[in-house]
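Peer 1: With chain A held as given, fit chain B with the ligands onto it using these hints.
Each protein sequence line maps, in turn, to chains A and B. Quick note: the first sequence uses numbering that gives the first Met the number 0, first residue 0, plus one each step. Quick note: the second sequence uses numbering that gives the first Met the number 0, first residue 0, plus one each step.
Calculated from the structure, these hints are not laboratory results. Check each hint, because a few of them may be wrong.
To be verified - In silico contact screen, one side only, chain A against chain B (beta carbon under 10 angstroms); selected entries:
#	residue
1	S397
2	A540
3	R544
4	V558
5	I567
Every residue gets a Cβ at the ideal spot worked out from N, C-alpha and C, and that includes glycine.
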Amino acid sequence: MSSFADTTFTSPERIRNFCIIAHIDHGKSTLADRMLQLTGVLDERSYRDQYLDRMDIERERGITIKAQNVRLPWQVGGTDHVLHLIDTPGHVDFTYEVSRSLAACEGAILLVDAAQGIEAQTLANLYLAMEHDLHIIPVLNKIDLPAAEPDRYAAELAHIIGCDPGDVLRVSAKTGMGVRELLDEVVRQVPPPQGDADAPARALIFDSVYDTYRGVVTYIRVFDGKITPRQKIRMMSTGATHELLEVGIISPDPKPCSGLGVGEVGYLITGVKDVRQSKVGDTITLEKGGATEPLGGYRDPRPMVYAGLYPVDGSDYPVLREALDKLRLNDAALNYEPETSAALGFGFRCGFLGLLHLEITRDRLEREYGLDLISTAPNVVYRVVMEDGTEQVVTNPSDWPTGKIAEVHEPVVRTTIIAPSEFVGAIMELCQSRRGQLGGMDYLSESRVELRYTLPLAEIIFDFFDALKSRTRGYASLDYEEAGSQTANLVKVDILLQGEPVDAFSAIVHRDQAYAYGTKMATKLRELIPRQQFEVPIQAAIGSRVIARETIRAMRKDVLAKCYGGDITRKRKLLEKQKEGKKRMKMVGRVEVPQEAFVAALSTDETGDKGKSAKK
Amino acid sequence: MASVLPTGEPAPADGSLPPEALRGLGSRPFGVYVHVPFCATRCGYCDFNTYTPGELGSAASPASWLDGLRAELGLAARVLGQAPPADTVFVGGGTPSLLGAGGLADVLDAVRDAFGLAGGAEVTTEANPESTSPEFFAGIRAAGYTRVSLGMQSAAPHVLATLDRRHTPGRPVAAAGEARAAGFEHVNLDLIYGTPGETDDDLRASLDAALNAGVDHVSAYSLIVEDGTALARRVARGELPAPDDDVLADRYEIIDTTLTAAGLTWYEVSNWAASPGARCRHNLGYWLGADWWGAGPGAHSHVGGVRWWNLKHPARYAATLAEGRSPAAAREVLSADDRRLERVLLELRLADGLPVEVLDAGGRREARTAAAEGLLDPVALGSTNGAPGRCVLTARGRLLADAVVRRLVG
Ligand SMILES: Nc1nc2c(ncn2[C@@H]2O[C@H](COP(=O)(O)OP(=O)(O)OP(=O)(O)O)[C@@H](O)[C@H]2O)c(=O)[nH]1
Ligand SMILES: C[S@@+](CC[C@H](N)C(=O)[O-])C[C@H]1O[C@@H](n2cnc3c(N)ncnc32)[C@H](O)[C@@H]1O
Ligand code: SF4
Ligand SMILES: [Mg+2]
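Extracted from the complex, chain A is given alone in its bound form:
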């Protein structure tokens, strides 16, 4: 379908750039669907729910992982306008996607589920938008739900933003009710972009995606001047120059155009093959007569948790390396370097934004590249100061220094928890048990509170969210952001099989938790490791001090004592199968440990962040 929005170089006062931000699952992508339909860019034939969730994994899990932009035509009072909409993810792991989207916009729709009210990521995203000086349009969604309480939550929202409850719009992204009016309000309220059309070109890269067929596709927002095809551009951070092969807009699919002017959002293709050559946050200018001052960029997303990824079948190592190289083309937040584990062989230590990021990455590696992977227990990054004053950054428990340690610094996060006030006691108890420090508490309304805690990151990456949910009957929501580090009394607990430490099972834990970790692992392993021909002691130890012990009794019977007559073939095939099985065993000293035991022992049975299941 063609419309006036297909032609670029729209005058800035007719342009509105905005994003939709919200807590996870409050309906951003569904609202975007309605907007695509109402503006006529998406016909019935091509329609599917959450149209902008383009990745398989997004569709499967029903969550947004990558922000997506789209250019829409909209008329108000007979005047044509161009809207650039960016749908953002709600999960805390992908907050950096939100912040880079914000930098391309002048306004934000803050969407709140009218049956849930304000949640932790509502606040986190609201504060982010305010930091970027965006105009905020508060909107209640899902008013079609019988459980919706629009009046109550309009008051809550008004209280937080400091507006009148009457200013809070009400829509149903599902039925489309109120969406037309919302689009009108976007035009009315969001300020048009400002920029100098005659100044040297400056465009901000807010996303960069690798596409198998087209190479790297770079998403930009033009601030000054213009960008047209077949020019030479320069990346301001590196000085690298590239030929512009194509410039285009997304509406809702990529369409080449004659260029982009002030305030416009679109994409460009230069032929580079690695997203790192087209870095998010960088400023693009023209090679000839380029700008000298870059636009304010963003900080690279920094990995918060690390885990080792190992192929179950050691011979898959090259495949894993290639797969990681490919994924990285599209995921600047993913980093990895080779590591070796005595128990697991060759693999990679990978940094992730959070557990969901880890899980999704692993999932994609397994499904898209046919790999079978073991991931070690995730850990955070520690800074260890030795008594001799030297320092070490530890991203893998096996690298924990053995000498005299003066202090250990662990990362902490500022945590926001929102829940009905009746659960305050339970939440405080939980946070205390996780070494949390109360930073403050506010009532959003009579019955709902916001608690702020500083917690060690290591304490919340595993089962914290589940523990929180079970203590609040699912009503609490959680958000966190980095907040520096603190010193803590941490120790490394080793797990030994027959006296041999198994590096993959070592963990850094608080001294008070060491015993619990040690016993839990020893018990788990006793269940998971099959009996051997000899007795196998399992020990948990801090240094040379054993803190827990279990024993796997020696196996006494391993013989087929049945009459199988002349069917020798069956018996031989059975032996061949057992021999195959033995190949899938990892040897720890003389102990044969099945891969499955590693997988099971390392799986955090109470994992916190499972995408949809962890949403609230």
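Peer 2: Structure of chain B with the ligands alone, referenced to chain A:
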């Protein structure tokens, strides 16, 4: 006769064998196995290739089976050419005793017609205690049988009930007595141990009963919960506990100690005999790589490094033979590696053990380690007076035989 046949390469319709397989035929012991695929009822633990009358309906009968058998034995004689006379014959099942003495005599006649019997041939039939009688034993003795193997399983009534056995607790012992009275020098009793609900004392009582029967051979098998059986379903539903490996090990030790004390010594992991002459020569052929023709539905054969197995269903078996085609479902021609693996697998189970020279360097190293760990007999392993060493399992090693095999073959 496991319920699931292996997969192999297609077997030729005329039943022919590669010439290499036929080379040396007659220089190795030659046996004939006959499979009788009929039972009165199906025991809950059993996955042997056997059928009740209800399952067969009119599709097959002992008569059509016997016709097929005769045809197959005729084909065997043609395929083998200068077929040697049979050193051993073993009629197994299923329940051969359901054929009656006359039926079993017909079977043996068919074997004689095809191959003849070597002088001093061992001729065994399996029999279920409830379908035997003094007349039955006298009849088969007269027909030429020399050995009887009775499915006793246990002397404990509740164990027999769990196993769905039809006979009364005293019947197997009585039958063994009748067999001996009919002139059978060699009588075996099969026992199953580790049945859910069986106690150590139940087992001791079963052993005492078997020993009192004066037999010269006992086979004792640990209960295996086979996929697809009624027993497996009951275990899956939680109605019965699965046999516990530690308990099975304890029971095995009880069996070995008791039988040894009574003068029956082990010669294979699950078999004990009163003297070398009481060992089952036919079964030894399986373990020592002999040649044998297995006739009947689902029967397995081995001749000169070729293994094949027949169609399982009696109706298809009979129909295929009636059309003049070989009833073989598939076969495999063993590679040198397969044969070496099989030798280790089979001969290690024997008290005579496995000659060390069958193993490669790594295997011999493992053998020494296993001896140091008390799994192999260190004396047998060392070469004495120039005779090469042998791998012979210790009592503890027997219980871990499969693990030792995996180590020896790397
Ligand atoms: N009843 C009702 N359901 C809605 C409405 N809007 C969205 N939903 C449902 O809410 C769920 C989440 O919707 P999404 O659009 O995926 O939410 P999201 O905010 O994009 O989620 P993330 O991108 O993962 O943060 C889906 O099951 C939608 O069908 C609405 O107005 N009414
Ligand atoms: C070929 S079978 C059947 C012979 C005969 N019909 C009988 O049941 O006595 C020979 C022996 O295998 C043993 N057997 C059969 N199924 C078994 C199982 N699932 N586990 C252990 N032993 C089994 C029994 O001891 C049985 O006597
Ligand atoms: S009688 Fe023997 S062959 Fe027949 S079903 Fe029972 S165990 Fe199996
Ligand atoms: Mg979404």
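Peer 1: Take the hints in turn and mark each one as holding or not.
Peer 2: Status of each hint after checking the structure:
1. S397: The hint is violated - S397(A) has no Cβ within 10 angstroms of chain B, the shortest such distance being about 30 angstroms.
2. A540: violated, 27 angstroms
3. R544: violated, 31 angstroms
4. V558: holds, 4 angstroms
5. I567: holds, 6 angstroms
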